[in-house]
Structures are given as C-alpha cells and as structure tokens.
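Visitor: Sequence order for the protein chains is A and B.
Counting with this note's numbering, you get residues 1 to 418 for the letters of the first sequence.
Counting with this note's numbering, you get residues 1 to 243 for the letters of the second sequence.
These aren't lab readings, by the way, just hints derived from the structure by calculation.
In this text, a Cβ means the ideal position worked out from N, Cα and C, and glycines have one as well.
Accuracy of the hints is not assured; some may be wrong.
Cut-off 20 Å, straight-line C-alpha distance, at most; resulting in silico cross-link-like pairs (PhoX-like, lysine-lysine) [said to hold, decoys possible]:
(1) B:K113 / A:K174
(2) A:K177 / B:K224
(3) A:K176 / B:K222
(4) A:K413 / B:K135
(5) B:K2 / A:K340
(6) A:K320 / B:K73
(7) B:K16 / B:K2
(8) A:K48 / A:K38
(9) B:K224 / B:K187
(10) B:K73 / A:K413
(11) A:K413 / A:K176
(12) B:K114 / B:K73
(13) B:K187 / A:K320
(14) A:K313 / A:K135
(15) A:K174 / B:K159
(16) A:K320 / B:K77
(17) A:K121 / A:K380
(18) A:K320 / B:K135
(19) A:K320 / B:K109
Here are some, though not all, of the chain B residues that point toward chain A, as calculated from beta-carbon distances under 10 Å [to be verified]:
(20) W13
(21) I62
(22) G65
(23) N90
(24) P105
(25) K109
(26) M111
(27) K113
(28) K114
(29) G138
(30) M199
(31) V218
(32) I242
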Amino acid sequence: MKNILIRPTKENLANFVTLGGFLIFISFLDVLINTFFKINFTSFLPSKLSYFAPLIIGTIGLYFIRIEYSGNRLLDKINTNFNSNNLNAILTLLVIFALIKYIPPILNWFFFDANFAGNTKEDCTGSGACWVFVKVWFNRFVYGMYPDAEQWRINSAFIMLFALVAASFFVPAKLKKYFLIFLIFVYPIIGLKLISGGEFGLKYVETGAWGGLSLTFIVSAFALILCFPIGMFLALGRRSNLPAIRFTSIGFIELWRGVPLITVLFMSAVMFPMFLPDGTYVDKLIRVLIAITLFEAAYMAEVIRGGLQALPKGQYEAAKSLGMGYWRMHFLIILPQALKLVIPGIANTFLALVKDTPLIFVVGLLELAGMVNLAKTNPKWLGMAMEGYVFAGLVFWVICYAMSRYSQNLERKLSTER
Amino acid sequence: MKKIIELKNVNKWFDKFQALKDINLEVNQQEKIVICGPSGSGKSTLIRCINRLEEHQDGQIIVDGNEISENTKDIEKIRAEVGMVFQQFNLFPHLSILDNCTLAPIWVKKMPKKQAEEIAMKNLERVQIADQAKKFPGQLSGGQQQRSALARALCMEPKIMLFDEPTSALDPEMIKEVLDSMVDLAKAGMTMIVVTHEMGFAKEVADNMIFMDEGKIVEKAKTKDFFDNPKSDRTKLFLSQIL
C-alpha cells in the first residue's frame, strides 16, 4: 500500500504543499470561470466526470497538503479545522463551491441587476428584482387601506408608543412603575381611539381598512400584552389545589392547544356572531384579537408552568415559613424566578405569535403578508410575488430578530448567578 | 413558665407510612430543645408540622394559643411568628441578601421600607455578614448563606425559631460559624427547637433533649441526664455511635 499511495510527509513539505496548492487553485479556477464566464475548460472529459472535476482535483489537492504538525501555523489551522480527513475535505470544498456558485446570483438579483427607479412595472428592465413594486406599494404595505390623508394618526400613535417606551428606560426607577401602568392600561385605549377615530373630530376609519405592517404591530402588541397575564393565571390555575380551578384551566388549555389557529380565527369570524343576540355586533378585529390572545395564552400557560415546575420545593416552603400567603408567595418569590427561567420559551411563543398574524387573512384582515398577497394580484403588477414575499420575509425577520436579541439581553440582565 | 407550643397525641401518615406516632410535647417560652435521632425517624416532620409545612392528620398542635389544623384561617399569621431555618438555606436567589431579609417584613408585616432595612441590617450585623448585604445568595459561601437565612427569619421578629438540620449541608469549617450565631441567639432568650446532629451544640445550649426513632419520642430528658445516663437502650446505642 505504501508504495502505491504517495504519502505527504514533513520531509518534503514544500513539494507537497506546492503540488496540493496548485491542484486546489485549479479546482477553484474551474469553478470561478464556470460561474462567471460560463466556460467549462474540462469539457473534453465525459460530462459526469467534467461536472465533478473540480471536486476531485480539489480533494486530491487537500490530501496532499494534509500534513500533521507541519510547523506552519496557517497550514495546521486549515488542516485541523477544514481538512482533518477526506470526508471533511470534500464537505469543505462543496460548501465553498456552493457559496461561489449561489451567492453572486443572489446578490445580482438583489442589487446589481435590480431596478430601483421608476413608478410602473415597465420601468423594470433589469433581470433582477423589481423593487419599484415595493416602492410604489410601500404605503399600502405599511398602512393597508387606511386613507392616505389620515395616516398621520397611525404615525403619531406609533411615535407616541416608541417615545413612551424609550422614556420609560430613562426615567428614574420610582416613576417607571407609573410609566408601565400607563403604557399597559391607558396607552392602548388612546392608541386605538386615535387610529379608529369617530370622536374628537377624527374621521372614523373602520377596522376593515386597517392593514399592512401597522396592523401586524397592532395585533401582535395587543395579543402579546394580553396573553401574558392570562397565560400566567392559567399556569397557576393548572397547579391549583382547588379541583374546580384546576380542571377549568386544564380544559381551557387543552381545548385551545388542540385546535389550529386558522380554525379558531375562522370560528371567531363565522360562528361567533351566530351566538350573539340580534343587533349586537362585535368588531371583526376585536374578535380576532380575542381569538389570537386566548390561543397564545394557552401556549404561554404551558411555558410558564414549565418554569413553575422547575423551582425547588424549598422556595415555596421558605416563602410560606415567612408568613406569605398564596398570592404574595407567587408574585414575590415564585413567578419572578419561574419567568426568568422560561424567558427563552416566552420569547419563542412571542415570535410564533408575531409570525402567526398573517393568518388573519382568513377573516379578511390584511396585514403585511396579506397586503403583499393582494398587491401581487393587481393586473398592473403581475409576477411580483417574489419581490413582495422577500420584502415581507425580511421585515418579519427584522422584527423577530430584534425580539430575540431583546430576550437574550433580558436574560443576561436578570441573571443573578454571577 | 408559659407554654408556647403544645403537641397532644399527634399522628401523621404519608400514605400508609406512619411518620409520627402519638407525639406529646410541651415547649415553654425561652426553652431550647434539641431533637436528635436516626434519619427517617420523623424529626424534620415533627418540626415542619409546627408551622404546618406538613399537615398532621390526628391530634392537636397548639402554637401560642392557636390550634393549627386545616380550619386555621390565619395560618400565615402563625407562620409569621414562627421562624424557620432549612437544611438547604432556601434563600431567594433572585434577590440580594438585604432584599431577602426585608421582603417579608415589608409585604407581610407592612413595615415601612426604611424600618425594615434597619432591622435587616441589625440582624445581618448580629450574624456578622452585614458587609455582604448587597450581594446575591449565589455569591456567598454555604455558611454565609445559612447565616443570611437565619437573619432573614429573625427579621420577622419571631417568637419561636425552628431549625431543620441547619448545618447538615455545610462544610465542617462553616458549621462553626453557623453554630456560633445560633448560640448567640439562644443566649438572647429565643425559644428554639433544633433538629441537629451537633451534640457539642446540644450540650452547650439545650435545656431538654429529645431522642426520636421510628416516629416516636423514645426519650425526653434534661440535657445533662440525657448524655450522662440515658435510660433507653436505643438512645444508648445511638449516642455510642455519634459521640
């Protein structure tokens, strides 16, 4: 065997590294030329062999430079991390080749061949993305069918929200409590009144006209804020000693967890009004909000219950021995620790909630993804689905990534096991 | 002397296992009682019944004039008067030592924050860890944690202190610092019931010794008599093994 296989050794390091490096260079050159100039200089080989030629040449090259303890730092690093055996060598090459082949086309589609200027579909002459579509429809993607002249109301509601949130970070600790109470109990009413109007000289805008990204935010924010306390009480209820409360909680949780969200939404739109007495009318958006909130609360309850289970019995006993009753024990001792433990799970549920909001299309409410869906069927803008969904996907990713970072931040801040 | 705790024919079962059998016990104010016995003999269960962390099924437990049973409405009020120190410390890890100490006085006794902090610092001073007040439990040694737990219980200004093997989870070096704090407390006149295997401590502070085995009180005697001439053979055997 030794005679057949040429074994690279430390003694003739220079020769092998030169040879190996050359072969690797050839393999990369082949892929690069193939990708950018569409020339296949191994075309004289049988087609299948030609297709795999760079991989084979590269693998042989990597085999030649695989010399242990060569003394060269860079070489050792490459060998231990990317080239420890033949399989890893092949995987390394495959990944690099795939990146060379597919990153440039994506960049081209996104930027270099894309069209940014213009106002109509005909302005999109390049082979890449037609961002004109997103530009022209941007207003609709953000505000839905909300009348243009009234959009300042949505803007000011959100600016107010951000200002309040930002301010609550900077105000002294004593005032923080009041800020939070205002944010959770007073602000939503002000915000909703501002957007829906009908009073104070503001024109009434029915919820059917709400839509786009602002609706995504409204639905997510309401559901997030409301599902959390409900989930908390359900989690406590499920662990209660009182059978009536325990079984009600279990029943509630299992009922909502067992039904798909889309069904729940559909029921809220179609079935729910049938049970109402004639003449009463609950707004579609409110019905949807209640449905999503209760649905997510069931999940939240189980996440929080996980945290409650994880706490040692001693914490309950210590709290009791200090004379705390059920509520003080839970709100001062148990929940603060349990919630901290399950921040990742809570963040998970919140992210899922935000990404579930597009489902409200089943009742005719169009948030961001729904508006994209609508815009792409416009006769003047046919064939723009890709741009629209990529845009919507990016926006959702940014929102979710921000939430995820925030939750990690919170975990670190609340950690007392320093 | 005034009786502060009275147990009459107390029985307790965990499912079919009988943990306490016909326990009769009286504790006077300022009395110090040390309970010893092999593991599984019901020592911990007995003192946990006194503040109803465990429920007894039969007999009477009277603490400071109030009978403890499932009908007791203000069990929290009684618990607030009975401090407890646990084997595993059970400090609240999400709060600083100072907050651990002030939480219950503020929320249970409705004490103003400032006053609660003064009392907390006084008690932390007493167990000699006032300099650690701002730290979190996870940053302290076992001995310091147990002394914090003692300070936390004292902040409620209890009439009775229960100790459930307070030094069993500690390194030998740290046992002494905790026991020293307990001796100080005993000298200050606190009513104490201590479950422990530290016989040196028992000899120093206990007025009465109780030896338990298989859920029964086998022997109750003045400390000196208990060690010098135990009556029951079971007690003699136990003492010969641990002394």
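Visitor: None of the hints should be skipped; say for each whether it holds.
Guide: Evaluated hints:
1. A C-alpha spacing of about 14 Å is found between K113 of chain B and K174 of chain A, which places the hinted pair at or below 20 Å, so the restraint holds.
2. Restraint check for K177 of chain A and K224 of chain B: the C-alpha separation of about 59 Å exceeds 20 Å, so the hint is violated.
3. Between K176 of chain A and K222 of chain B, the direct Cα distance comes to roughly 58 Å. Violation of the 20 Å bound is thereby established for this hinted pair.
4. As the CA atoms of K413 of chain A and K135 of chain B are separated by approximately 15 Å, the hinted pair is consistent with the 20 Å bound.
5. For the hint pairing K2 of chain B with K340 of chain A, the CA-to-CA distance comes to about 47 Å; that exceeds 20 Å, so the pair is violated.
6. Restraint check for K320 of chain A and K73 of chain B: the C-alpha separation of about 14 Å stays at or below 20 Å, so the hint holds.
7. About 36 Å separates the Cα atoms of K16 of chain B and K2 of chain B, which puts this hinted pair outside 20 Å; it is violated.
8. Taking the CA atoms of K48 of chain A and K38 of chain A, the gap is about 17 Å. The hint holds against a cut of 20 Å.
9. A threshold of 20 Å between alpha carbons decides the hint, and for K224 of chain B with K187 of chain B the separation of about 18 Å falls inside it, so the pair holds.
10. As the CA atoms of K73 of chain B and K413 of chain A are separated by approximately 40 Å, the hinted pair breaks the 20 Å bound.
11. As the CA atoms of K413 of chain A and K176 of chain A are separated by approximately 17 Å, the hinted pair is consistent with the 20 Å bound.
12. Straight-line distance between C-alpha atoms of K114 of chain B and K73 of chain B comes to about 30 Å, which puts the hinted pair past the 20 Å bound.
13. Taken as a hint, the K187 of chain B and K320 of chain A pair is broken in the structure, with Cα atoms around 27 Å apart against an allowance of 20 Å.
14. Restraint check: the Cα-Cα separation between K313 of chain A and K135 of chain A comes to about 58 Å, which exceeds 20 Å; the hinted pair is violated.
15. Under the criterion of a C-alpha separation no larger than 20 Å, the hint pairing K174 of chain A with K159 of chain B is inconsistent with the structure, at around 35 Å.
16. For a cut-off of 20 Å, the pair hint linking K320 of chain A to K77 of chain B stands: about 10 Å separates their Cα positions.
17. Of the pairs offered as hints, the one joining K121 of chain A and K380 of chain A holds, with about 7 Å between alpha carbons and a cut-off of 20 Å not exceeded.
18. Straight-line distance between C-alpha atoms of K320 of chain A and K135 of chain B comes to about 23 Å, which puts the hinted pair past the 20 Å bound.
19. A hinted pair counts as satisfied when its Cα atoms are at most 20 Å apart, and K320 of chain A with K109 of chain B qualifies at roughly 14 Å.
20. Restraint check, W13 of chain B versus chain A: the minimum CB separation of about 19 Å is more than 10 Å; hint violated.
21. The beta carbon of I62 of chain B is not positioned within 10 Å of any beta carbon in chain A (closest approach about 18 Å), and the interface hint is therefore violated.
22. Proximity of G65 of chain B to chain A is violated relative to the hint, the smallest CB-CB distance being about 17 Å (cut-off 10 Å).
23. A least Cβ separation of about 4 Å between N90 of chain B and chain A falls short of the 10 Å threshold, and the interface hint therefore holds.
24. For P105 of chain B, the interface hint holds, since its Cβ comes within 10 Å of a Cβ in chain A; the closest pair sits about 9 Å apart.
25. Given hint, K109 of chain B at the interface with chain A, holds; its Cβ is 8 Å from that chain's nearest Cβ, closer than 10 Å.
26. Taking 10 Å as the C-beta cut-off, the interface hint given for M111 of chain B is violated, the closest approach to chain A being about 12 Å.
27. Given hint, K113 of chain B at the interface with chain A, is violated; its Cβ is 12 Å from that chain's nearest Cβ, farther than 10 Å.
28. Annotation: K114 of chain B was flagged as interfacial toward chain A, and the flag is violated, the nearest CB pair being 15 Å apart, outside 10 Å.
29. Given hint, G138 of chain B at the interface with chain A, holds; its Cβ is 5 Å from that chain's nearest Cβ, closer than 10 Å.
30. Here the hint on M199 of chain B is broken, as its CB sits about 26 Å from the closest CB of chain A, past 10 Å.
31. Given hint, V218 of chain B at the interface with chain A, is violated; its Cβ is 27 Å from that chain's nearest Cβ, farther than 10 Å.
32. With its C-beta approaching chain A no nearer than about 26 Å, I242 of chain B sits outside the 10 Å limit, and its interface hint is violated.
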